[in-house]
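> Residue strings, one per chain:
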Amino acid sequence: MAETATALPTAAPASAPMPSTFRLGLARAAVETKMFFREKDAVVFTFSFPIVLLVLFGSIFAGGLEGTGITFSQLYTAGLIGAGVMGAGFQNLGIGIATERQDGTLKRLAGTPMPAGAYFIGKIVNVLVIALLEVAILLTIGVLMYDLNLPSDLSRWVTLAWVFLLGVSAAALLGIAASSLPRSAKSAAAVISMPFVVLQFISGVFIPFTLMPQWLINIASFFPLKWMCQGFRSVFLGDAGAVFETTKSYELDRVALVLGAWLIGGAVLCLTTFRWKGRRDG
Amino acid sequence: MRKQYGGVDAVAGIDLDIAQGEIFAILGPNGAGKSTTVEILEGYRKRDAGEVSVLGSDPGKPTRRWKSRIGIVLQNTEESPELTVREMLRHFSAYYPDSRDPDEVIAMVGLTESAGKRIRHLSGGQRRRVDVALGVVGRPELLFLDEPTTGFDPESRRQFWELIEGLSDDGTTIVLTTHYLEEAEALADRVAVIAQGRIVAEGEPSTLGGRATAKARVTWSEGSVETDTPTETVLELSRTFDGEIPGLTVTRPSLEDIYLSLIEPS
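Residue numbers (our numbering), protein chains in the order written: chain L, 1 to 282; chain C, 1 to 266.
Chain C on its own, in the form it takes in the complex (with noise of 0.2 angstroms):
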């Protein structure tokens, strides 16, 4: 699967490639153009200009072909139907060819006890995966998650993530957006991100903005120092003390640090 394009309205110029199979995780700040570029690539947004390609067709014209072969999980919906969380997905299996069994995936977002509970009785992050069970009942090549742990307690969303690991073993295609550095750490094969309709910086999250390679930081408990060589300074300072450091940490800059400075206005 190949996605190219630029030049778009509130998106000033994004190109990039999504290999097939990978977990790719977009980064931005609200506003930065984040979900306009996942709604053009879900089809429902026109852009003004660029090429852009998924799944071998133009979004910009959707078919019903090319639709079952997508799952787009949105953020916030606030419908509220008379229906069970069993209804719901057996109806929205039918508009798919070639569809998972609906109880297979209610069991695999981990609400089958809640199965015959109408959706309008089920908690905020029990819709959630209710959300999550419609986008991947089609059986979708590529599936989009726009924000998805929003408002889950940490467990929620170790489970989650288990849950998209899941789908990426069995060859879906996931491209996610997200707040939430660790949860792109977790995830993601690779991530982009964005700033001011931008890609500002793209890679693994473990190198991305020369992350792997910057300086660490070597604190104790008299004082700090930034090096290239933490293990030399390390050493020297055990010859100090002669044995044990007390205080001691070596860190390199998370993904949260390399994030903020990459998005911070120039």
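Bound-form chain L, shown alone (with noise of 0.2 angstroms):
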């Protein structure tokens, strides 16, 4: 090390190679979700939040939809695991980023040599590992409790897989683009929870769309929301439950179409719309 450094003081930083992005985005997923499931009450919370309204709503409506064999706790884990899914990328990235850009995280990181794609990526897969262990949770307690029948054929879990994950790919990049409105990390909570929280009410998680009036529908029809959960029924309601949906099909081609649409939408958005300072930093 010696000899080296005194004959060529600045030849080996220069050319050694500079860290690859995917290797810097893998090493970033896994301090990100180190950090998650070292902050307990967060975990605590996270998880069990979609876990007690399955329950309470389980609970509170009890029966099931006429001539279908289709209860609506099987309906609600269906919304559930949807709006889990968007909650685990919206939500959670948020106000997640939101507060780390005022705490100092971001500016400290875009000091550095690592590139935003990495940043991205370890976002990305900390909520994709988020998400799949809520899929899991509330899955375990649908089939334990409610009925749920998992599915039998491979179509279905193939239909699963691919609304699971552009629903999930789609909702975290949307996290990103919205952690950049809030003013700063107390505002954080309230900005981003409001519309998530509308979008479910008006999306069918929790109120069927045959008691919502058209309009309504409309809105909800141009977030992504309503298609992942239209997906999930469609894997576990089966074809009985297509009767109830606004055109009596599931539409895959259509959730598809719209949950792809936003992915896009949403990586654009991350890209010309993300600030690694806060406003208040100039």
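These aren't lab readings, by the way, just hints derived from the structure by calculation.
All values derive from a computational prediction rather than experimental measurement.
Incorrect hints may have been included.
[Said to hold, decoys possible] Here are the computed lysine to aspartate or glutamate pairs in the EDC-like style, where the Cα-Cα straight-line distance is at most 16 angstroms:
id, chain 1, residue 1, chain 2, residue 2
1, L, K40, C, E82
2, L, K186, C, E78
3, L, K277, C, E79
4, L, K277, C, E78
5, L, K34, C, E87
6, C, K117, L, E39
7, C, K215, C, D228
8, L, K186, C, E79
9, L, K34, C, E82
Since each chain comes alone in its own frame, lean on the hints to assemble the complex.
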């Protein structure tokens, strides 16, 4: 070391290759996930929120939908899986990144040679892990307590996989983009949660579309949550449930189309609006 | 390394060159343009006009390669990660192509005993050392320190100064902003005083603002006098008192005196 250092004082650092974005993305994912699971109170509330809602709604609305053998609890399981996936991406990142922007985390990272892509990869993988766990927990409860039937054929599992992946990625990108909206970490929870809660009510998570005015359904149709929930219902309620959809069909092709569009739109929004600095940092 | 620039936003016109390997301190009251100046050099802020070159590149267009050659120690980060000191250093070291060994850096800043502690549980002073460790783990050629010892007790400050001197001896160029004049005096090869967005003085701490040639003040129990020839004054007094002069002090203006006179709005 000493000999080379004196002979070539600057040659070594100049020629060493920069670490790859993908590898750093995985390293970011590892520390993000570690940090998330070490914040015990946040972990408990993140995962218990949809569970509590499921048990609550499952207990209040114990009946079934006439002539189909489908129960309300099954309906809520599918809806809450959609809301859980959306929450893990949109709410989690929208608030989390707004906080990191204010507390100096982002500023510190921006001063290092870590590329922005690695930061995004880390966030998305982190959200995938959280969402996957949440879906697993909700499914377990649905199966054990509410007679939810896991899909028996491969094609439904494939549908579950692509709706999940498209949905979680679109929600994560939207969350990253939305994190620039709050003016401060303090306002982030309110700014991000309000539209998310409204979206859940109009997207068929809690209230079936049959009870909703058409203009609300039209508004919900612009956003990804309605389509995610529709995709999940197709997996868990089966063909018998299709009659309760607004068009008497699960429209899986449109689900893919809308979620895909949000994925692309979310990526564009991220790349064009993402700021490392807070608004007050000039 | 050369930096030149002028005519910047809150910074009305600053022209300075910092040589490779030196410790350069930027002094100035709050709001004088210190942090803005440094943030432009760090690549955080864009300048409105002027020419800047840091390590041969324009910091307004930072590349990953360029960022890997500088280290930044920010002021007041409030992040409280659930990672341990060692995990944080290991993770950040992966960002750089030729990083220092994380454990060596932890030892360098005196945190070996707290290496397994989560950063959330560290004291303010210990966190500051983590900040410094993160700033140097990439083996930077140029290190920026923004008010690094604010909130340190005197002993930690001395230890910190030794750490900075050690880095400088290894060839790291250091640009430091500080409120503490004794810090600038202890560390810096050269200082610049910024007031109202302009450099009002620049030079070695011992000669800044004509300090070395300023009048000395001779004080004794019955009076005091400002003079260019303090030795003569003392000899005269010695003859008057026939030996020891009661309460004798001879002082030249401190860096603080010079600084205060420089930043006074004229």
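> All the hints need checking, so say for each whether the structure fits it.
Okay, the hints, checked on the actual structure:
1. K40/L - E82/C: Holds. K40/L to E82/C sits at ~10 angstroms (cutoff 16 angstroms).
2. K186/L - E78/C: Distance of about 14 angstroms is within 16 angstroms: holds.
3. K277/L - E79/C: Roughly 14 angstroms separates the two Cα atoms, so the pair holds.
4. K277/L - E78/C: Holds, because 14 angstroms separates the two Cα atoms, which is no more than 16 angstroms.
5. K34/L - E87/C: 10 angstroms, holds
6. K117/C - E39/L: 15 angstroms, holds
7. K215/C - D228/C: Holds, at about 5 angstroms.
8. K186/L - E79/C: At roughly 14 angstroms apart (the allowed maximum being 16 angstroms), E79/C and K186/L satisfy the hint.
9. K34/L - E82/C: 8 angstroms, holds
No hint from the list above goes unmet by this structure.
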